[in-house]
Amino acid sequence: MVTSEPASVQAVAPVDRREWLAQILMGNQRSDRTRRLRESIILTALFAAALVSIATTIGIVYTLGIETFSFFQQVSLIDFLTDTQWTPLFAQKHFGIWPLLVATLLVSAIAMLVALPLGLLSAIGLAEYAPPRVARIVKPILEVLAGVPTVVYGYFALLFVTPILQRFIPQLEVFNALSAGLVMGIMILPLVASLSEDAMRAVPRSLREGAYALGATKLEVIWRVVVPSALSGIVAAFILAVSRAVGETMIVAIAMGLVPRLTLNPLVAMETMTAYIVQVSLGDTPHGTLEYQTIFAVGATLFVITMLLNLLSYRFLKRFREVYE
Amino acid sequence: MSAKPLLPVDHEFTPRLAFRKRLGTLFGILSGLAIFIGLATLGTLIADVMRDGWPVLSWDFLTSYPSRRPEQAGILSAVVGTAYLLILVALIAFPLGVAAAIYLEEFAPRNRLTATIEINLSNLAAVPSIVYGLLGLGIFVRSLQLGRSLLAGAFTLSLLVLPIIIVSAREALRTVPPSIREAGLALGASPWQTVWRFVLPAALPGILTGTILALARAIGETAPLITIGALTYVAFTPRSLLDPFTVLPIQIFNWVSRPQPGFHDRAAGAIIVLLVVLLLFNALAIFIRARLQRRIRF
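Just so you know, the sequences run in chain order A and B. In terms of the working numbering, the first sequence opens at residue 23 and continues consecutively. In terms of the working numbering, the second sequence opens at residue 1446 and continues consecutively.
Incorrect hints may have been included.
Claimed, not checked - What follows is a set of in silico ranges between Cβ atoms, one per label pair, in the way DEER data are often shown: (1) A:P250 - B:E1563: 25 to 33 Å; (2) B:S1588 - A:Q96: 19 to 27 Å; (3) A:W245 - B:P1704: 46 to 54 Å; (4) A:T285 - B:P1704: 22 to 30 Å; (5) A:I63 - B:P1500: 52 to 60 Å; (6) A:D220 - B:P1540: 25 to 33 Å.
Hints listed in this document are in silico derivations from the structure and should not be mistaken for laboratory results. Small disclaimer: the values here were computed from a predicted structure and weren't measured. The C-beta atom is built at its ideal place from N, Cα and C for all residues, glycine as well.
If we strip away everything but chain A, and leave its shape as in the complex, we get (with noise of 0.2 Å):
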């Protein structure tokens, strides 16, 4: 058999391709040189992308931290704590996050409600009841629960689910934790599915083949034996979703309302956290007044909360993983 050559190298002439090899083999000086100092420098961009998340971070947190000084200068830690009217737009302004903070924690255990116990069965229904075939069908379509627009979401809860609501609850006001909450809850189940299924289907088959040998059916296989295996991992997806719900802005902004009430009662306006930041932002408030530095503080809160609970998911995830790695 003929080995062809390639075609840039029978193009050249028999004495220049004597050079040409041994420029090959033994290098050339001067074009290694600017090829290390191309890539020394290719590496330090690299490096540099990989720094802007770092930047992220120290951003968030000065920023947050620099605007949420100025605020403490002005109204005391203890009134921000303890008092409970969140009132910084009216004329008799009072500073107690308590408001915006239980409406942000009634609307996320709503929506906990409805998406740990449909996250759940939904998860053991894909890993453990569903055909393969079925489960390779409905589980991206499931996930395209997590894809549509958060605002798409708060369209619904405010036109759709409230009105039907109304209809068998006539107290309820139009704006309400209620159906965001619902709403909320429905958004953020693919999210405790896809991750209690991960942490399922860790679970190593021997287990749950030692547990069919004992003669357990099924379902005492799945509650006694995988749900428990997981449950680390099932915790952790369960405190990523909270952490998702307390940070959720659009469903509560457009269908919880931008009351600020200290109240339990899930049927009546509220306004979150998240949603106060809204509606300051949508009004012009020049920059360095209080009411500016109040959507820090309220974000800083936000973030401190968040940070925490994805700390403890992490903490949680990372015991789950040690078990059978």
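Based on these hints, arrange chain B on the given structure of chain A.
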């Protein structure tokens, strides 16, 4: 596992097997029901939006500016704003994200700084989007004096989607087998040449897919843009990077927030347009994955 026996030995071994199995079937039905609730909600949502928004859709709706009269209001400025923003975010976030991913996956030494970057990335992915809005307001709008401009919005959203792009690009790079890198190095290519000419082309379909999905996320974002002060009523298209702008989700938010039902239907119409755009992006991602992946086989 705990020392407690799995099944309490005595009485549960008097099986009642039929009952236990029926209980299992019941539970299977229950879990099917849960999945159905999720799917049904998605279906209802789409049907509801279609019913309200379909009559509104017309060529005029796409090519008119917003108006105080619902029947004349259109989404031209929002569509143009979304398109500009999308191009800018792609130009900023794609090179940055891929560069960071290449560094972390191919070159980063295993030291404390790298570990910090990794932890930081997973944290950033879980930061609420509105906090990015506050970051953008403090840094881009105020400190860098970009104002409530297209550019400030693009930078803010770029930072928001960067962790998503980096994570997906790293996954794509990881699927390229080490033998490809070894072959490149064995032929005398430098580490960078190996990455640039062999690894990156092989990982490109995965990287593009991830980037497109990240951009789809950016299209739907509302809260950070409201926070940096993107206007809700814009009756013009931006002419420069420093002009104010609006985007589809903000236009939708604006119309939903008004009391008149006429505007609600306009919002539904804009939602249909938004969902179609998202659908196209996802289809493109799936297409690229299927098409380009076929060319490269390991």
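Here's how the hints hold up against the structure:
{"no.": "1", "hint": "A:P250 - B:E1563: 25 to 33 Å", "verdict": "holds (30 Å)"}
{"no.": "2", "hint": "B:S1588 - A:Q96: 19 to 27 Å", "verdict": "holds (22 Å)"}
{"no.": "3", "hint": "A:W245 - B:P1704: 46 to 54 Å", "verdict": "holds (50 Å)"}
{"no.": "4", "hint": "A:T285 - B:P1704: 22 to 30 Å", "verdict": "holds (24 Å)"}
{"no.": "5", "hint": "A:I63 - B:P1500: 52 to 60 Å", "verdict": "holds (58 Å)"}
{"no.": "6", "hint": "A:D220 - B:P1540: 25 to 33 Å", "verdict": "holds (31 Å)"}
Violated hints for the displayed structure: none, as all numbered hints are satisfied.
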